[in-house]
Amino acid sequence: MIEQPTRERETQEILQEAKRALEEEGKLLAKVYNEPGIFEFEAKKIFAKTWIFLAHETEIPWPGDYVLRRIIDDSFIVSRDEDGQIHVLFNMCRHRGMQLCRSDAGNSSHFRCPYHGYTYTNTGKLNGVPFQKEAYGPDGLDKDEWAMTPAPRMEIYEGMIFASLNPEVPPLEEYIGDMGWYLDFYLKKSPAGLEVVGAPQRWVMPADWKLAAENFIGDGYHTQSTHMSTIKAGIMRVKNPAYLKDGVQITAGMHGCLFMGFKPGSYFNYPQSIVDSMLENLEPEQVKLLKESSILPLNATVFPNLSFLHSAMAIEAEGPLATSVPYLTLRIWQPMGPGKIEVWSWCLVEKDAPEEFKKNSNRALLTTFGASGTLEQDDAENWSGVTRVAAGEMSGQHYLNYAAGLAHVEPIPDSEWPGPGTAYPKNYVDFAQRRFWESYFDHMLK
Amino acid sequence: MIEQPTRERETQEILQEAKRALEEEGKLLAKVYNEPGIFEFEAKKIFAKTWIFLAHETEIPWPGDYVLRRIIDDSFIVSRDEDGQIHVLFNMCRHRGMQLCRSDAGNSSHFRCPYHGYTYTNTGKLNGVPFQKEAYGPDGLDKDEWAMTPAPRMEIYEGMIFASLNPEVPPLEEYIGDMGWYLDFYLKKSPAGLEVVGAPQRWVMPADWKLAAENFIGDGYHTQSTHMSTIKAGIMRVKNPAYLKDGVQITAGMHGCLFMGFKPGSYFNYPQSIVDSMLENLEPEQVKLLKESSILPLNATVFPNLSFLHSAMAIEAEGPLATSVPYLTLRIWQPMGPGKIEVWSWCLVEKDAPEEFKKNSNRALLTTFGASGTLEQDDAENWSGVTRVAAGEMSGQHYLNYAAGLAHVEPIPDSEWPGPGTAYPKNYVDFAQRRFWESYFDHMLK
Amino acid sequence: MIEQPTRERETQEILQEAKRALEEEGKLLAKVYNEPGIFEFEAKKIFAKTWIFLAHETEIPWPGDYVLRRIIDDSFIVSRDEDGQIHVLFNMCRHRGMQLCRSDAGNSSHFRCPYHGYTYTNTGKLNGVPFQKEAYGPDGLDKDEWAMTPAPRMEIYEGMIFASLNPEVPPLEEYIGDMGWYLDFYLKKSPAGLEVVGAPQRWVMPADWKLAAENFIGDGYHTQSTHMSTIKAGIMRVKNPAYLKDGVQITAGMHGCLFMGFKPGSYFNYPQSIVDSMLENLEPEQVKLLKESSILPLNATVFPNLSFLHSAMAIEAEGPLATSVPYLTLRIWQPMGPGKIEVWSWCLVEKDAPEEFKKNSNRALLTTFGASGTLEQDDAENWSGVTRVAAGEMSGQHYLNYAAGLAHVEPIPDSEWPGPGTAYPKNYVDFAQRRFWESYFDHMLK
Amino acid sequence: MIETSVETYWEVYSFLMHEAELLDEHHEREWLELFTDDAEYLMPVRVNRERVDGDGFSEEAFYFEETRGSLELRVRRLETEYAWAEDPPSRTRHFVTNIRVAEGGEENEVAVRSNLLLYRSRGSVPHYDVLSAERKDVLRKEEGQWKLKKRVILLDHSVLTTHNLSVFL
Amino acid sequence: MIETSVETYWEVYSFLMHEAELLDEHHEREWLELFTDDAEYLMPVRVNRERVDGDGFSEEAFYFEETRGSLELRVRRLETEYAWAEDPPSRTRHFVTNIRVAEGGEENEVAVRSNLLLYRSRGSVPHYDVLSAERKDVLRKEEGQWKLKKRVILLDHSVLTTHNLSVFL
Amino acid sequence: MIETSVETYWEVYSFLMHEAELLDEHHEREWLELFTDDAEYLMPVRVNRERVDGDGFSEEAFYFEETRGSLELRVRRLETEYAWAEDPPSRTRHFVTNIRVAEGGEENEVAVRSNLLLYRSRGSVPHYDVLSAERKDVLRKEEGQWKLKKRVILLDHSVLTTHNLSVFL
Ligand code: FES
Ligand code: FES
Ligand code: FES
Ligand SMILES: [Fe+3]
Ligand SMILES: [Fe+3]
Ligand SMILES: [Fe+3]
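Residue numbers (this note's numbering), protein chains in the order written: chain A, 1042 to 1487; chain B, 1042 to 1487; chain C, 1042 to 1487; chain D, 9 to 177; chain E, 9 to 177; chain F, 9 to 177.
Certain hints may be false.
Claimed, not checked - Here are the simulated lysine-lysine pairs, DSSO-like style, with alpha carbons at most 27 angstroms apart:
#	chain 1	residue 1	chain 2	residue 2
1	A	K1280	C	K1174
2	B	K1399	B	K1381
3	B	K1304	A	K1085
4	B	K1060	A	K1085
Rather than coming from a laboratory, the hints here were simulated on the basis of the structure.
Same shape as in the complex, but just chain A:
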């Protein structure tokens, strides 16, 4: 009898060949975008091993506040205790495994399990067991042994709460590493810090999470085609569809981003107060880029599935809001199974920004990104399209082009670039995308 290879082995072989082609030829095997076995590997080798963004501190500002978040199928309560400490607790009762908390947000000092009534504090302490002596004898239960299970690791970076299922994951600071210098542009424009505007948008998309992550890490090239309609309609306020071609693409550790230029002195049209504070609050080296090069990071991805977007778009057809209004969104591409994601999109704005600006900034975001965003609508069309046609046999021999920049673009000499990592003096290049895939294969083939 001819022994058939197991699916696990076939998946492994696909990954090996994909890695080889990327390294040796700057090509990606399309099959990696849609192969059921691959998703199972990703759950174990990436999402159970890296740092995953869960929530922003300002979603739970008060003691007792909590939100429910997930890492793929694992549910976590992200709570703030009475002392203001934040906890990330696996949302499963220790007794018989009931989902302890079933509402996505609220305020409570305790979580009571509906099944048998075990009660835990919002720090995870087991604090009540009904008829305990009756059930467990005179000594009752060992409360410490039966406390809720915290996420194996939890750390906070500039107000962003991350967790990891991997006890051995390096410290978050180190994991983000050089990328931190670039995230400052998103996160440190004001000493007051950022706050979320309401709750995140959530919607499902029949697309592979990697398409979104790699698009956000550096795909400046697609704007002139994918988003042409918003240029024509006057949402994206630019004349030249290729306005993004000049800029700087960054690779920093497993992560990367893209710098976009702005009219000198315009600073994305941020209100003067924010402009002042960003020039004051950022490092001199960073300010230099703003002032002299007039560039700011547009989009970024922190491996594996956290992305940032900083942009400025028109909200209305005429009048005061027919001009670019800046905004910042942070989003995760949450896998829901092979070829399916749940997108979570938050709007973030400086705490000390004018109230009216906050409202407009959020409107500018939803005009362009999020489920109803006029730009993201078309991104969704692309990402689901790729996923769909990658499902068959042909994608197993179909190699995609990741060679942009390889032939003619050299990194900017460190002497000429103030930031860490590697900077490339163009945007229509694939350096950051390739870096995403290198990080991907490093994990998948371990």
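Since the structure of chain A is already known, use the hints to place chains B, C, D, E and F with the ligands on it.
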């Protein structure tokens, strides 16, 4: 290349570890509640090996009556022939495999296949083959060879029709074994026996079948929390939410049940005629429990997925039906795939009970159990909740507590307990639940 | 630890046993109709290895016309270029894998990818890359290397466009081989050739593709039972339900068909002009069958999933259309996953047939076949019924009867039969069906 | 069809719209007050049967076999803080279409038929349940107010495609 | 919209409600009698096309291209005891909404548009099909009775999501 | 319920039917003209919360937070030949039921509530999305024409079950 373990091996390892933890530490690995590979094992190692309940004799009282039933995906015709004999026939035509009978209930002496017209009697005999000589030659077909396939095994226990896909399964009597003594309380309260009230309720639930089976085998503990709403609302007519704490938990072979106390002499409020017949019809030893200990089995599970519930609840807010009305339900937890079940719930009542009581008993049941039952609604919430949060990676290291009673509860000495198996003098204990899991692992790791 | 067999091995074992039983006993193991592992094998070993029908030339008559077609999950653009040449192009952009063409039919000289704007001609040539030098350097991209990927093989047989994912597949002519002589009756009744009437019907069915393919290859036997309603209702204009029993069943290579008799001289009620042209256009040997034996091929299957049906039915209850009107349909059984197909059904008619006849012929078809066809409605009921009951454990020991004709029917001596392949002088036989399964196992166990 | 005056139709229409609104907004107590004291609320089990055997609705087995008194118990339960099955509440939408009003058996009564598509989702999973049914109601006018005297919910399901019936149809 | 009298609207409304009821109760013969003798009943195939190419409905290919005479054959078939596809019968529910009535081309005729959501389930599997469509009808009044002269069913599907069309829309 | 005259109900009914038709036929420009100049079009994010915490609609986060001016931008985009998300267009069907009309805050205004089931399919895959919502509208009569002054779309979803909102509800 690092060889990846196959899913079959991973499943095997999860089961091994879960068994070890249960035996050595009284803990259950939560992953067993939701792992796709496990379901495939269960289909082959449990549902294809044990006795599965299909129907009650009184669902097909007349010659020619039939109902369609399933063992997971296998469809069977349960028919009563002209001589009153009951047959369980695999519902697939021997010719080209068409589903022979497509209605869930009816009366017919024959089953005619729509595809090519083969006709079988309701005993499974092949009895008509259109244009037989034309198709199969002068000698035609060997009618015996091409008869319908009966279920490998079929036996009837007190009116309950079981089948097994396993020709080597022990006789049903032996399989039920010691549990029979306890089932008597459900099945033998009247010499006239039981009858079903109409057709079973059927509904789907995104829950693992084991959660329901283990809850019904002995979880007296959850009532004070899960079903609190019905106590507050006056459906469950008790003052003390912990009324169930005192009782007796039974393990008998692979099975188990829970005894609940009742006000001496009240006998669950059964009509006097039923009370008289139960005291007369049951064995002296059993009657002793009723009369002297005033306890009756509440819930029970016969491995793997058949459960019983004997209870008494109020039907209306005021008036004569605002008092406890007793009822008996029998149900199966039919797996529909990983983390999904179809629940079948029957109401059974003594054939010779007063007609009005029969109607009220059925109403008391559907007020509390079944798809619309005010108690079962919340059970469904629990079981689907556990299943959902067990889906991820965390449940692979999450151990659940099955230690209730281990520290302080000893079996009742055989000398002091009239029944077989092992009896524990309390209800807030996990002995029966652990027995369920022992039976489970015995099958799964064979 | 007992090592569990992998699913791949279990699937292999099922196939081995099924092959053995068919060859040695003329029986088929029902499990092959519904086993998830089998579908994965079929995708790789059959649909990625054989010739698959995609479209008829007349669906894209003009330069620039195109339609989208699939081989399971692989999407192809079938286009006609400016020179009238036909191309079958994998519908995935070479850059980042976007689905290039997203409409199912249209006319265009180019395909522009929405994602980054690569543009290809309808011959597959890469013809535009936005800001090429910017992205890929002074030498730009190698246009030839980055052209669209054509289907590994594409050939046209009498206007029927086939593709194969297998570069080593034998030439189409050879693949069809002896079956060609029989397809002539469908395809060559007029020198003008055939044309499609509008677009194909498409609908999904919870059925295994093999049930439809084997039914169409030769199941004359089912008509007297499955389609009885249409005989009673006067749609199928025959008195004797067994009218089909006399005829000739053919096996030709991997393929087969069934001849049906007609009233001498009636020629299925084709208009005189078509009758004349068929008697003129077909080979003398073929005409002899028409004139002397008065038989015509009714249904046929070209392995694996292309079927033909030639029939004549009433359209209305009274009046001129209450008589048999002939029609020809060509259909594919497109797998959509285990136990699920998408049926594509085309109506074909001679280009030079009277316009009114074309319309009536199409109406006769949809009265009887297609999603709303009064005959195919019941075929769908059968095929989905078999699929459903084959899902469980029982079908793993359930053997189906494929012995019709084995006991008493001998092939017609070549001397007495003008056509190639093997001819059997009856229709209620399983020779062609067995041939289908032989072809199936040949591929599956390679 | 309208076999009564248009005025009556409008009153009935308004009644059903109001009722659906109360349910979708979880005002179960107010909903209960729409029933007459002698109200019946029935949802029979449906069995998949051959055409000759009729529509398969059981005369003995029900999912709901309620009186005002038993509905009262169900509402009381929902009013406790322990009705886990509905807390967080299901998000329901009662799509009421094909409303047909005819004279009732008694005077002051009308017989009303309507089609109901019930959309239901819970929690934050992108999954939803759909229940389809015809409802045959009898409305009685009491002190100028229409009340629900009888409702029979005729399901288009032989297996209920929702995990429980903690909501009303 | 109502571009006719409210009376006409009500008559049309009643007609459509009655029609849906007949179909959901499997009274195909009575349903057939709602058609005029010269009735047309059409359901064109729909192809997924670019916006510039229109709505994609084929002018040649149909799922139904019926006259009263061909519908008669279909109903006769359902009346035999061998129509396996509908025995046991499908459980259908025709949800008819967005009814719009306008003057017809001829007098005594009205042009009616409605949205149809068809729920369908069969057997005892917890699976159901949904078909969505707009229907463009022409009703003609004959001897005081509205009759269906023409129906065009415009599907919102490019691939039919049901295993057959043994039911009518 | 109808708390206004039947005439008003009919005008509102006709308005909503016409509006749905424009959307399902992709006449976005004409649809836009149904709005007043000061129109608001809102779809708040909904969070799954405990019963005591209310219905979970956010006051800050929206899927749509539109004015006539921002809707204008969205329509302009759809009018370009580059709106890939809607070309080929989605096949949508707006099933509008449970229409309830009440007096508005101002005169010449009415408050309208309706249930919306949106069916959506795209391309040629046998998959469809369903969105369920209640809509709370304010209509104002301007020069004898009803216009949409305000729409709040209250979703029955905590996670949107469609890949984008390139269509309007
Ligand atoms: S499962 Fe939480 S208390 Fe039992
Ligand atoms: S499949 Fe039953 S007679 Fe052929
Ligand atoms: S994917 Fe087609 S141009 Fe980039
Ligand atoms: Fe984009
Ligand atoms: Fe319970
Ligand atoms: Fe057939």
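Verification of the hints:
This hinted pair checks out: K1280(A) and K1174(C) have alpha carbons roughly 21 angstroms apart, not beyond 27 angstroms. With a C-alpha separation of about 32 angstroms, the suggested pairing of K1399(B) with K1381(B) is violated against the 27 angstroms cut-off. At roughly 55 angstroms between alpha-carbon atoms, K1304(B) and K1085(A) are farther apart than 27 angstroms, so this suggested pair is violated. Straight-line distance between C-alpha atoms of K1060(B) and K1085(A) comes to about 23 angstroms, which keeps the hinted pair within the 27 angstroms bound.
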